[in-house]
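Chemist: Residues per chain, in single letters:
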Amino acid sequence: MKRAAIFTLCLAALALVLYPIVWLISASLTPVEDLVANLRSLFPGRVTTDGYAGALEGVGGESFWTFLANSTIVASGAVIGNVVSCSLAAYAFARLRFRLSGPLFAFALVTIMLPAHVTLIPQYVVFQRLEMIDTFVPLILPKLLATDAFFVFLMVQFMRGIPYELDEAAKIDGCGPIRNYRYVVLPLSRPAMVTTAIFTFIWTWNDFFSQLIYLSSTENYTIPMGLRLFIDQTSSSSYGPMFAMSVLSLVPIGLFFLAFQRFLVAGVATTGLKG
Amino acid sequence: MALAQRRSQGVAYLFLGPWLLGAIGLTVAPMVVSLYLSFTDYDLFNEPRWVGVDNYAKLFGDDPRYLHSVGVTLRYVAWSVPLKLVLALAVALLLNSLRGKGQAFFRSAFYAPSLLGASVGLALAWRAIFDTWVDTPDHALVTIVLLSAWQFGAPMVIFLAGLQQIPRDLFDAAAVDGAGWWRRLWSITLPMLSPVLFFNLVLETIHAFQAFTQAFVVSGGRGGPADSTLFYTLYLYERGFTEFRMGYASAMAWVLLVAIALITAVLFRTSRYWVFYGDER
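First to last, the protein sequences are chains H and C.
When we follow the numbering used here, the leftmost residue of the first sequence carries the number 25, and every step to the right adds one.
When we follow the numbering used here, the leftmost residue of the second sequence carries the number 35, and every step to the right adds one.
There may be inaccurate statements among the hints.
[To be verified] Which stretches of chain H does chain C cover? Using the computed rule of at least three CB atoms under 8 Å from a CB of chain C, they are:
#1 64-77
#2 100-113
#3 121-130
#4 181-187
#5 200-209
#6 212-221
#7 260-269
[To be verified] Coverage of chain H stretches by chain C, computed from C-beta distances (three or more under 8 Å per stretch; other residues unrestricted):
#8 45-56
#9 82-96
#10 273-283
#11 288-294
Rather than coming from a laboratory, the hints here were simulated on the basis of the structure.
Glycine is no exception: its CB is placed at the ideal position from the N, C-alpha and C atoms.
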């Protein structure tokens, strides 16, 4: 009886929490005039896919596929950069002895908490001097240099749990640190790599601030920047394509979430990821 | 031996290479440069001109919009962080009493908004759902607070993991002593959970100060209506990247850094009075 009450309460809370998501899907499938008349109701009348047709056509003279391709390039670059560079640094911190290892790791932890704004302007100036504004370089290069120290921390935590006897055994078999990293520690760190890859993908996919600052021409716009073009259009006539593109922008996140929810939730629970 | 040791030191720095390059080139050096720029007048095209503390003096003495943005941000932090944490804790308590398969399902489902809520797409939906509020200066900030609270899933997952660490025999002993639900919550659950609560509080506070995307989308990029959602970061963006007053924006960034560091330090200071670590007994 008590369990049933709790279950019902959970379901009620879930309905409330999921309402905005369901609303967005409903809005993307509703003709503008029906939507404006019943703004907050779900599936108020006719169903149309006109919004999706409009979304695929794009906005600001570029098709949706351009935005999708750009977002995919940026997110993939960020994933590769983070997985490679953070795992290299984490291996050094977790498995190798060297002078300054303590202070450097402490410094890495501090940078996790640093607001990006305090490094943003000089970084922008440098990229501007190098004529790299309006390219993907400023969005991907920092990931190749492991500036997301959070993931270094996550991987260090994981690699420290791998038995050190394995390093000894590998050493006896003639493996130096490089082959030990490649063939022993890296394969055993797969869960941490997967967690890093998924979170990097989702955060980069959603990221708006740095893309807003560094991308200026429509042909280089990512999906969030494409959606941004709708922000200025205050008239409701663009509601159809706007909400359809919003849904399309969330589909990859939804798929990743469904496929990897265990990794995601476990990652948050053990490390306190900001999510 | 000494040679082997030196070689292994060298290998370690080989692995650290990319990170070290980033730490110096993209963190330390830019921090120093932005501190320097904060004492200059710099528009990106002409050389920086040294102006001493003028930027800081102007921020606090001669820029009502800046002080207004500080007020908006403080109000946002003061409302959104407690609301989000209370929701997260309440749902975690609810799920903790729901054992078995249902718990894993609801945990994942409630976590989903934490991933979706940061996106422009969802913020656009939020703006339409609350369209009447978004246009009134008194309520626009409330919609952004609600959008933040809606993403309670991440701290909830951390709370739930913390709840599951509390030894059950503590509750059994309390039940034998006749303690009711509220009494057990107040005297066992909350003290045992206080390190996790502290962790979530620090993390969410630091993030709330830097909120940008939702305010940008909901307010149409301008912090309106009537500057009612002019977040700190939004104003920094406006000064730095639409007016190209880079020196002024650098000063704003440094004030933000110092403010966040101070507030974190204060939270750590107070933690000794209310955060309970099990091994102190």
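Chemist: Are any of the numbered hints broken by this structure? If so, which, sorted upward?
Modeler: When the structure is compared with the hints, numbers 1, 4, 6, 9 turn out to be violated.
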